[in-house]
Each structure stands twice: as C-alpha cells, then as structure tokens.
Amino acid sequence: MRRALGLGLVLVAGLLYLAIPRAGSATSAPPSAASATALEQSAALAAADAPNRFAAGVVVPAAAARGFADGLADGVPLPRGGTFDGIQWEAAGGEFSASVTRGVLQYNAMCQWVRAYRDGRETDVSGRILAVVPTWSAWRGTETAAVLGRAISELVAGGGSASAALLAECDAAHEREVRYAEGRGLDASR
Amino acid sequence: MDRCSRRAGRRLPAMALVAVLAGLALPAGAPAQVPSDLTDWNLTETASTWGTSYHVSSSGGGLVQYRWLDTPAKATVISGNACADMALVGSPATIGINDTGYKSLFTAYPEFCFRLRGRTTSGSGSMVNHDGRVLR
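Line order of the protein sequences matches chains A and B. Each residue of the first sequence is one higher than the last, beginning at 12 in the numbering used here. Each residue of the second sequence is one higher than the last, beginning at 68 in the numbering used here.
Treat the hints as calculated values from the structure; they're not laboratory data. Note that CB positions come from ideal geometry on N, CA and C, so glycine has one too. Do not take every clue at face value.
[To be verified] A few chain B residues that face chain A, going by a derived Cβ cut-off under 8 Å, partial list only:
no. : residue
1   : 97
2   : 122
3   : 166
4   : 168
5   : 169
6   : 176
[Claimed, not checked] Stretch by stretch, here's where chain B covers chain A in the computed footprint (C-beta under 8 Å, at least three residues):
no. : stretch
7   : 47-58
8   : 109-115
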C-alpha cells in the first residue's frame with residue numbers, strides 16, 4: 012500500500028513537471044534573426060578596440076551630427092522599436108567628434124536594453140546583451156564600465172541601489188527623447 | 068592602584084569629553100565630492116565635449132562643480148550634459164578671465180553619467196592646453 016502511494020506521488024510529480032511551463036524556457040529557444048543580429052553586434056562592440064577618446068579625428072557641427080551618427084549607428088544593437096532619434100544633437104550645439112558620437116550612441120543603446128530587460132521585452136537576448144554591455148568599446152577601461160557592471164549585475168540579480176539609479180537615469184532620458192523626437196517629427200524609441 | 072594608573076584614570080574622562088566635543092564640532096558624514104582633473108583641454112568658440120564621461124559620486128551629495136586649475140586667459144562656458152542623450156543638465160557656468168574658483172553646474176543622484184562640454188565666449192578665440200577639475 013505504502014509502495015503504491017509512493018509510486019503514485021512520483022507519477023503525479025512527473026506529470027506536473029511536464030505540464031507546467033518552466034521559467035527561463037524562453038531563453039532556450041533559438042533567437043530570431045533580428046535578435047541574432049543584435050547579439051552579433053554586441054559581441055563585435057565587445058571585441059572592438061577602445062577608441063582614442065582624445066583624438067581629434069573627424070569632427071562635425073551639431074547640425075550635421077544626426078546624419079553623422081546615423082552612419083556610425085549601424086553596428087550598435089537596439090531592441091525592436093528602438094531608435095536614436097531622441098538624442099539632442101542639435102540642442103546641445105557645438106560640434107561632435109566620432110569618438111564622442113560613438114560613446115553617446117552606445118550609452119543610449121545600453122539604456123534601451125536596460126529598459127527592455129526591466130520590461131520583459133526580448134527576453135531571449137536582452138539579458139545576454141546586458142552581460143556584455145560593460146565591455147563595449149566606448150567605455151572599456153573607464154569608470155563608466157565599472158558603474159555599468161555594478162548596476163547591471165544588480166539588475167539581473169533582482170535589483171539594488173545601483174540598478175535603481177541606472178533605471179531612473181534611463182527612464183528620465185527616455186522621457187526626454189520621446190519629447191525631443193516627436194517635436195522634430197522623428198520616431199521616438201519604444 | 069599605583070600613581071601611574073591613578074593619573075591615567077583621571078585622564079580618561081577628559082579624553083572622552085574632548086572626543087565628544089570634537090564629534091559635535093565636526094559634522095559626521097559630511098559630503099566628500101570626488102575630484103577628477105582634465106588635462107590639456109583645448110577650447111574654441113564652438114562647444115566640444117571632453118573625451119571621457121563621469122559619474123556623480125555616492126559620497127558627494129550630488130553637487131557637480133567645475134574650476135580651472137590654470138588661470139584662464141579667456142572667458143569660458145562649461146556645461147554638464149547627460150551621457151544618454153546629450154541633454155543639458157542644470158545650467159552652463161560662465162567662467163571669467165583669471166577666475167579659478169569652483170562653479171556649480173548641476174545636482175544629480177549618485178551614479179548619474181554626464182559629459183563635460185566647453186567653449187570660449189563668442190569673439191574671444193581659442194584657449195589651449197588648460198587644465199581643469201571637476202568635483203562630483
């Protein structure tokens with residue numbers, strides 16, 4: 012009798028295991044083509060040489076910075092619905108070097124991935140991209156890499172003061188970006 | 068109890084009183100901003116961005132200030148801009164000729180990422196290889 016009861020419990024547990032969808036099952040599915048591209052771009056940024064942040068290089072006036080940034084943005088991954096249209100090149104004025112422009116694009120993209128992860132979007136790749144973000148070329152070896160490393164570690168572990176600060180920063184930037192992009196008739200990021 | 072021990076025993080309350088008074092006079096946990104130096108910043112009349120980004124420290128109370136270490140030969144305008152979208156944060160500081168005092172740029176929460184931008188005032192020409200310091 013006791014043996015039959017034990018076998019029954021094992022059988023029920025087995026059926027529950029098969030019937031209940033398990034957390035993390037989404038990450039085991041192969042990523043979509045767009046997500047695979049984002050992963051490749053993220054890996055490429057992690058492998059790229061860190062720029063000389065003080066080299067004169069190419070410098071463009073603010074009025075031309077949006078087009079200049081579009082040309083540099085091809086290799087920077089964004090979540091679906093993401094854009095760089097809310098960056099305030101024109102309002103900031105002055106001029107922008109290629110190094111600074113890449114830095115702004117990468118930081119803006121990082122924020123979009125942080126928000127995507129928090130909001131449960133693109134769960135097949137957002138966590139994997141965030142794991143690599145602290146090694147992206149724009150801030151490799153700088154204080155920013157350390158700050159992002161701390162905040163992202165906290166975020167994926169469930170949250171903390173550093174991840175809360177980063178989310179607040181990215182949410183505030185997103186609100187500004189939506190206003191700025193819409194005010195110029197451009198597509199705001201999701 | 069020998070004479071030395073008795074003398075030491077009398078000193079202890081006095082030392083404790085000094086420690087208490089010192090504690091009252093010096094505020095505990097006073098903000099300690101973190102300094103970072105900017106070496107050889109070249110400015111023109113067109114605003115440009117310093118090469119590295121900075122973060123507000125967790126120990127400094129959130130205030131970000133800037134000063135020239137080398138006496139500036141030109142009037143300059145320095146601002147803080149958000150790393151994420153280059154939006155101006157706070158108000159730009161106009162720093163006069165020969166002024167090496169700290170100027171407040173903005174206040175933000177710890178870890179906030181910002182870039183420093185600078186230019187000389189209109190009609191004043193360029194200013195090369197001047198060192199500055201940001202307190203954050």
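Fill in: Hint check against the structure, violated hint numbers in rising order
Numbers 1, 3, 4, 5, 7 - these are the hints that the structure violates, sorted from lowest upward.
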